[in-house]
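Given the coordinates of chain A, work out where chain B should sit on it, guided by the hints.
So the sequence lines, in the order shown, correspond to chains A and B. Per my numbering, residue 933 is the first one in the first sequence, and the count goes up by one each step. Per my numbering, residue 933 is the first one in the second sequence, and the count goes up by one each step.
Note that these hints are calculated values from the structure, not bench results. Careful, some of the hints might be misleading.
You can't tell identical chains apart in this list, so a pair holds if it fits in one copy or across any two.
Stated by the list, open to error - 20 Å max Cα-Cα, derived EDC-like pairs, lysine to aspartate or glutamate: (1) K1097 to D1342; (2) K1379 to E1279; (3) K1335 to D986; (4) K1329 to D1073; (5) K1379 to E1247; (6) K1280 to E1200; (7) K1311 to D1342; (8) K1393 to D1150; (9) K1097 to D1214; (10) K1348 to E990; (11) K1340 to D1091; (12) K1207 to D1073; (13) K969 to E994; (14) K1190 to E1267; (15) K1023 to E1034; (16) K1262 to E1272; (17) K957 to D1067; (18) K1379 to E1203; (19) K1426 to E1443; (20) K1332 to E1383.
Protein chains: 2
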Amino acid sequence: MLQRRLLHTAKACLNKPLAPFTSTKYPKLKRNPCYSKITDKDVEHLRTFLTSSDLIYEKDPESTAIAHLNTDWFNLYRGSSSLCVFPKTTKQVSQILEYCHERQIAVVPQGGNTGVSGGAVPVFDEVIINLSKMDKIRHFDPISGVAIVDCGVVLEQLDQFLEPKGYTVPLDLGAKGSCQLGGNVSTNAGGLRLMRYGSLHGNVLGLEVVLPDGTVLDNISTLRKDNTGYDLKQLFIGAEGTLGIITGVSLLTPKRPKAVNVALIALESFEAIQKAFVLAKDHLTEILSAFEFWDQDSVGVVKSQLMQKSKYPLEGKHAFYALIETQGSKREHDETKLLEYIQLLMEKDIALDGVMAQSSDQIKTLWAWREKIPEAISKSGVALTYDVSMDVPLLYKLVKDTKEYFSKKDMLGPGKVYSNLIGFGHVGDGNLHIMANLNKTDSDGLKLMDEFIFSWAMKNKGSITAEHGIGVAKVQYMHRARSATQLQLMRTIKRAIDPKGIMNPYKVLPE
Amino acid sequence: MLQRRLLHTAKACLNKPLAPFTSTKYPKLKRNPCYSKITDKDVEHLRTFLTSSDLIYEKDPESTAIAHLNTDWFNLYRGSSSLCVFPKTTKQVSQILEYCHERQIAVVPQGGNTGVSGGAVPVFDEVIINLSKMDKIRHFDPISGVAIVDCGVVLEQLDQFLEPKGYTVPLDLGAKGSCQLGGNVSTNAGGLRLMRYGSLHGNVLGLEVVLPDGTVLDNISTLRKDNTGYDLKQLFIGAEGTLGIITGVSLLTPKRPKAVNVALIALESFEAIQKAFVLAKDHLTEILSAFEFWDQDSVGVVKSQLMQKSKYPLEGKHAFYALIETQGSKREHDETKLLEYIQLLMEKDIALDGVMAQSSDQIKTLWAWREKIPEAISKSGVALTYDVSMDVPLLYKLVKDTKEYFSKKDMLGPGKVYSNLIGFGHVGDGNLHIMANLNKTDSDGLKLMDEFIFSWAMKNKGSITAEHGIGVAKVQYMHRARSATQLQLMRTIKRAIDPKGIMNPYKVLPE
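Looking at chain A on its own, in the form it has when it is part of the complex (with noise of 0.2 Å):
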């Protein structure tokens, strides 16, 4: 299987000095009177039941002990916890939740940390509960192909397990080799096949979650069918751990694919990578795993920073690239399919040029072209990150626009405000990146991009965040994401299931 571990490069920013603090970066952002805060009878309490290994207690946050844990993988955003603690079982998780909710001690349920939004790090003092320590695969049904598993299971180790079993990972992620599965369970991660297997809350068959007063809600289900009353599941899947934590999850697998094939294609136009789309999803329909692009900008990126001796697959320049992967049971037919397209665009003057991999070796060598654009752009400077999704004729107006707008203002370009302006993303779900690199980090500019890009996006119905949630990061905006209606009714759910408000605060609903 392809390896896309761009995200673990991110550990190297732990030997950079320490992220300000989030609360620094967001100064409306105030501590919730509210909440008690942790005392040494506290961390007694919590010792009846945890051994001294599973609970670390530092008084100063930026202790080295605690310090990594209070801060995001990305380095962006740092909380000032003195308390994180490792529970080994379901058990363990009720009884912390109990007793927090009791003394009304705020708390941040953390998993692999490789959240972008700053979800799963406490903004203030909140109690850290990290479920590394959860980490057992507990059933998995050959037949059925559903695989029960801890919250704290690693991606990739699911995948690993499953793969002499013929089943693979419904969903597939840069940091698979670190994040875990109720931390993707939590953030309804979308990732590179969702185009083909669908999204969490159609996959995920139950899950056991602990509410924030302690009680275990046992809902896993190995049901494909099951309607008895509200699919209660449903709730928890992307609440980004502001409803209760997730310690169990049921997951339906699908069969691995015993094919897979890529293709790269060159287009002069975002007019012609629809058409390709659209021809893809008639030409290789139940065989599409994969349908990405990026512009001719990205290509330079990563050429300067990464891949300096290797040789484009494609010949001259073109505005943009898409690459076309299927999956399938029969190599032969998927191989005469994807030729057949890829000779139809050549025919229909919808493709320039063109190249099929002709070995895992080369299917490697055409996903890095794509996979190693954000790693190319951090590398390259201060890199923002922007995850929108919208209707695909608009995705790339959207890169265009921004350009246009911060041209016209003299901040886009080689020692200017911003640089390297670039943007590829996920044709298939409709999901684009558009990533820049700061030169001035003094300067509004990631305020002024924030505003453009989101309102843009809303502007034509789109979402500021497809994938990487809201966590402490959007928040802000929410206010102009969702309407008072919406808002509403997330409160009311809010307040019905965690009344003290001790789950996640801070994150997903504004104040």
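The following block gives chain B in isolation, referenced to the frame of chain A:
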């Protein structure tokens, strides 16, 4: 496309004597005195914004004009409402609910009224809000395949609209000619294509919902990925109209398959069916669209009631039959895969015999032997029907155990309490249907069979309703089918969203 209109035959039931009132059938159900009774003044108010043709008011609930709206399709449940309204717009639905909320008048939303659990008809005098006049297809995007429709659009109507555009609906039901999208979503309909296209929790992209107090929740999205706060639409999928009225649906539709192939095989045991199913997932993987099974007795009932003159497609008598359907984008590839698969089953002695349809007529014939089972047993006498799901290896054990249990009690066989006890269903979804004729309707036959089958399913971690829903039919089993914690959380949600309890009372959640 295959026509699956079994449920339509049930329309004839309305010529029979009207069903007993649901409140007579379930004497423990009492009208909640908190609800206001409809007065002439209420109707007068509703007439200020509804035309005379959009409202039926009959003080005698047995009068022809309103009796069929009070009665379910199968003539099993009957309410005594004097008022049915037919709003044409979301605004009218909002006005109706706002008024009913203020006056605390209970309501029941009604779509195509094809449900089989009594969820879409009143129990007492709830106002019927029939959505049939909200039947516009609002928008379709040929690039993404996303359709936005009014709740009252009939499933087949949408499929016919999509056909020339090369798309299809991701669910297929017997009732497709009458059931409506809003009702499909409200009951989380599963149907015949679930194993291929997944559940509505994955395929519904957005909903417009009128909340119990008349507030319109505009949550219509066309985005495949959107993690902007809680995924509110999920609350209403499968809530059976107890939390609000779905007025608009945004649905992701898949490409229409270019090739459909069907094979029928004979097997000697349910273990062989499981082996065949595992191999089908392995060899047909992405093109497998249905894996149905039935037993020898099912064939007997169909033959004697509806297909006397038809020759069964396979020679001899076998214990089990399985129908395997593929849907794909290239006929010759799919045929090769299916043929190789059938040959493999024969070589391994898993299948004893097999046939592959050579034309669309033959496809219809093979399906007919599966699809006519419910109709045949209904024709053969009063029919009991069950819809349970469980782990695949257990599916047929329930049928065997049921037969054994009632045989020992000397209650099963020609002229006894039950006859024609048969099992069939969707192996791919772990979904079993058990049906039987109840020959002595004045006995405890219904109650005893309910108790045996539901207890067995619950004991074996199965679901008492895979896809039909709870409605009023199974509400008395909810205490046993769901834990106290699950029920409490369901009630918490219900109270938070519908504090006056006006939405579809007496259904889903027990007192």
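Okay, the hints, checked on the actual structure:
1. K1097 to D1342: Neither. Shortest intra-copy (57 Å) and inter-copy (45 Å) distances fail the 20 Å Cα cut-off.
2. K1379 to E1279: neither (46 Å within a copy, 67 Å between copies)
3. K1335 to D986: Neither: 50 Å inside a chain and 53 Å across chains, both beyond 20 Å.
4. K1329 to D1073: between (46 Å within a copy, 18 Å between copies)
5. K1379 to E1247: Cα proximity of K1379 and E1247: none, with 39 Å in one copy and 75 Å across.
6. K1280 to E1200: within (13 Å within a copy, 53 Å between copies)
7. K1311 to D1342: Classified as neither: same-chain Cα gap 24 Å, cross-chain 79 Å, threshold 20 Å.
8. K1393 to D1150: between (37 Å within a copy, 12 Å between copies)
9. K1097 to D1214: Between copies, since 11 Å is at most 20 Å while 31 Å is not.
10. K1348 to E990: neither (43 Å within a copy, 75 Å between copies)
11. K1340 to D1091: Answer is neither: 48 Å inside a copy and 48 Å across each miss the 20 Å cutoff.
12. K1207 to D1073: between (41 Å within a copy, 14 Å between copies)
13. K969 to E994: within (17 Å within a copy, 65 Å between copies)
14. K1190 to E1267: both (12 Å within a copy, 18 Å between copies)
15. K1023 to E1034: within (16 Å within a copy, 44 Å between copies)
16. K1262 to E1272: This pair counts as both: shortest intra-copy Cα distance 16 Å, inter-copy 12 Å.
17. K957 to D1067: Neither: 34 Å inside a chain and 50 Å across chains, both beyond 20 Å.
18. K1379 to E1203: Answer is neither; intra-copy 31 Å and inter-copy 63 Å both fail.
19. K1426 to E1443: within (12 Å within a copy, 24 Å between copies)
20. K1332 to E1383: within (16 Å within a copy, 65 Å between copies)
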